[in-house]
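Q: Fit chain B to the given chain A structure using the hints.
Protein chains: 2
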Amino acid sequence: MKIVLIGAGNVATHLGTAFKKKGLEILQVYSRTQESAKVLGKLLGVPYCFTLEDVNTSADIYIYAVKDSFLEATLRKVCIPNAIHAHTAGSVPMAVFENHTPRYGVIYPLQTFSKNKEIKMKEVPFFIEASDKETEEKLREIVSAVSDNCYYLSSEKRLLMHLSAVFACNFTNYMYVLASEITTEAGIDFNVLMPLIKETADKLNYLTPAEAQTGPAARSDEKTIEIHKKILANKNNLYRIYSLLSESIEKSAKSR
Amino acid sequence: MKIVLIGAGNVATHLGTAFKKKGLEILQVYSRTQESAKVLGKLLGVPYCFTLEDVNTSADIYIYAVKDSFLEATLRKVCIPNAIHAHTAGSVPMAVFENHTPRYGVIYPLQTFSKNKEIKMKEVPFFIEASDKETEEKLREIVSAVSDNCYYLSSEKRLLMHLSAVFACNFTNYMYVLASEITTEAGIDFNVLMPLIKETADKLNYLTPAEAQTGPAARSDEKTIEIHKKILANKNNLYRIYSLLSESIEKSAKSR
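Heads up: the protein sequence lines correspond to chains A and B, in order. Under our numbering, residues 23 to 278 are what the first sequence spells out, in order. Under our numbering, residues 23 to 278 are what the second sequence spells out, in order.
Okay, chain A solo, but in the shape it has when bound (with noise of 0.2 Å):
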């Protein structure tokens, strides 16, 4: 199975650099951008292309980890019949690829991928999906060399594991944003609250979100919301996700 990867971002990166560490045969990199081309190919040993004219065409796959507004207008100017085409995005249903290509499917990989961040790709559940059983077959078999969490699912409910991920995952890093920005404002070192951050992710493995949840909101301390609030009157941004997340919480702590 000779792989051709098409993007050069953080997915494709930590992708490729499983794939390799597998022995799997990466034959390209193709970037839009030279100089991220050069940086992945370098990085993985293999030659690299910034047109798409030049993407080798003997590839058994090409596996798309582009910017969701870029993949149409790449697969439709990369478009080898003969080979598998496969995207990595959550939120893009399969039949993008319905009128480009006879095989084709996607592979999703349920994770945070940051530059200079390693990863246990071993841990990291990859949603696959295929035009057919064949090609079904072929993704499996590409996972699971770097994964043991492969399953299948439709794309209709990759959309909804996408959108749970962007709770669980972007807006969760977003909280850590804001309370940097009161601790640093403090002068505080924000680093003092990696023990609760940890914590509060590591309860989940003993409790539904539900019963983890704690904190003034939870429990109707009205004088500290009020206290809290007062603090951040003048912070619009803080002052208006405080509010809603505290009203939120406590209305459905009430419905419990």
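Hints listed in this document are in silico derivations from the structure and should not be mistaken for laboratory results. Virtual Cβ for every residue (Gly too), placed ideally from N, Cα, C. The reader is advised that the hints may include incorrect statements.
If you only want the chain B side, here are some residues facing chain A, beta carbon under 7 Å, derived [stated by the list, open to error]:
{"#": "1", "residue": "Leu182"}
{"#": "2", "residue": "Ser186"}
{"#": "3", "residue": "Asn192"}
{"#": "4", "residue": "Tyr196"}
{"#": "5", "residue": "Met197"}
{"#": "6", "residue": "Val199"}
{"#": "7", "residue": "Lys220"}
{"#": "8", "residue": "Ala232"}
{"#": "9", "residue": "Ser242"}
{"#": "10", "residue": "Asp243"}
{"#": "11", "residue": "His250"}
{"#": "12", "residue": "Lys252"}
{"#": "13", "residue": "Leu266"}
One side of the interface only, derived from the structure: several residues of chain B facing chain A at Cβ under 7 Å [unchecked claim]:
{"#": "14", "residue": "Asn195"}
{"#": "15", "residue": "Leu215"}
{"#": "16", "residue": "Asn259"}
Just the calculated beta-carbon pair ranges, DEER-fashion [as the list claims (entries may be wrong)]:
{"#": "17", "chain 1": "A", "residue 1": "Glu140", "chain 2": "B", "residue 2": "Glu244", "range": "30 to 40 Å"}
{"#": "18", "chain 1": "B", "residue 1": "Gln56", "chain 2": "A", "residue 2": "Glu178", "range": "44 to 54 Å"}
{"#": "19", "chain 1": "B", "residue 1": "Gln56", "chain 2": "A", "residue 2": "Ser177", "range": "54 to 64 Å"}
{"#": "20", "chain 1": "A", "residue 1": "Asn78", "chain 2": "B", "residue 2": "Asn258", "range": "46 to 56 Å"}
{"#": "21", "chain 1": "A", "residue 1": "Glu178", "chain 2": "B", "residue 2": "Ala117", "range": "54 to 64 Å"}
{"#": "22", "chain 1": "B", "residue 1": "Thr73", "chain 2": "A", "residue 2": "Lys257", "range": "39 to 49 Å"}
{"#": "23", "chain 1": "A", "residue 1": "Asp170", "chain 2": "B", "residue 2": "Ala117", "range": "53 to 63 Å"}
{"#": "24", "chain 1": "A", "residue 1": "Lys257", "chain 2": "B", "residue 2": "Lys276", "range": "16 to 26 Å"}
A: Using the frame of chain A, we list chain B on its own:
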């Protein structure tokens, strides 16, 4: 140092357990709820009471871990002037003791405590404050018996510390709650999100929260945001939170 615990909730339970483990002498447990007093008294193997008149008057320190709204009423009744009185609340100023007793302070553990979930107390940061140097030393002595991280912090900064913890812990956990609402409705096991949740927290050991921010809003992926909003259109609570946080993440990403 003989200790009386005023309160028998999550904080009192975890503190009491840690004190006992380190051989500190707990004289008695008080809770206004007979059942809670009994449970914690039995757990710690010490006498308990549920009326303030029965509180043992011969302790060296009274540690209050009661709801903020009960704190003042409780300490007004306990008032044993020879002893140290310390509360454990993030958002209550130390001055709450001022007119009731001469030696007082605060022991604020920055952690989320839930029933049936053990904590590594050694790693929990404690923020102390005291009416005088001697009292401060006594509080530091007690805290240092159970934790490696004892800091002095003013009431004003402790309030900001607590507020940042609401974002880093309570609101973060609420994001997990909302994620689980989506997976439950989709018939997907919430546990597939665990590696993502763990990694989102773990990343902060390597990156600042702002550097770690990923997702549709961070990359201004309007198409995906619109798809997500459409899914949430008839879920008022999720829709409002998704919209506000996405808008806010986008703005802060652009301002960098």
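Q: Taking 7 Å as the limit, does the beta-carbon of Ala232/B come near enough to a beta-carbon in chain A?
A: 6 Å, holds
Q: Range first: 53 to 63 Å. Now tell me if the beta carbons of Asp170/A and Ala117/B are that far apart.
A: 56 Å, holds
Q: Can the hint on Lys252/B be confirmed by a CB-to-CB distance to chain A that is less than 7 Å?
A: 10 Å, violated
Q: Does the Cβ distance between Glu140/A and Glu244/B fall inside 30 to 40 Å?
A: 31 Å, holds
Q: Would you settle whether the hint for Leu266/B is holds or violated, based on the nearest Cβ-Cβ distance to chain A being less than 7 Å?
A: It holds, given that the least Cβ distance between Leu266/B and chain A is near 6 Å, below 7 Å.
Q: Identify whether the interface hint at Tyr196/B stands, where standing means a beta carbon of chain A within less than 7 Å of its own.
A: 5 Å, holds
Q: With a cut-off of 7 Å, does the beta carbon of Ser242/B approach a beta carbon of chain A closely enough for the hint to hold?
A: Because about 10 Å separates Ser242/B from the closest Cβ in chain A, which is outside the 7 Å limit, the hint is violated.
Q: Regarding the hint that Leu182/B lies at the interface with chain A, is the smallest CB-CB distance below 7 Å?
A: 4 Å, holds
Q: Does the interface hint hold: is Val199/B within less than 7 Å of chain A, judged Cβ to Cβ?
A: The hint holds - Val199/B has a Cβ within 7 Å of chain A, the shortest such distance being about 4 Å.
Q: Between Glu178/A and Ala117/B, is the Cβ distance one that fits in 54 to 64 Å?
A: At 57 Å between Cβs, range holds.
Q: For the restraint on Ser186/B, tell me whether the closest CB of chain A is nearer than 7 Å.
A: Holds - the Cβ of Ser186/B comes within 7 Å of chain A, reaching about 4 Å at its closest.
Q: Hey, does the Met197/B contact hint survive, CB to chain A under 7 Å?
A: 5 Å, holds
Taken one by one, the earlier hints fail for this structure at numbers 9 and 12, listed in ascending order.
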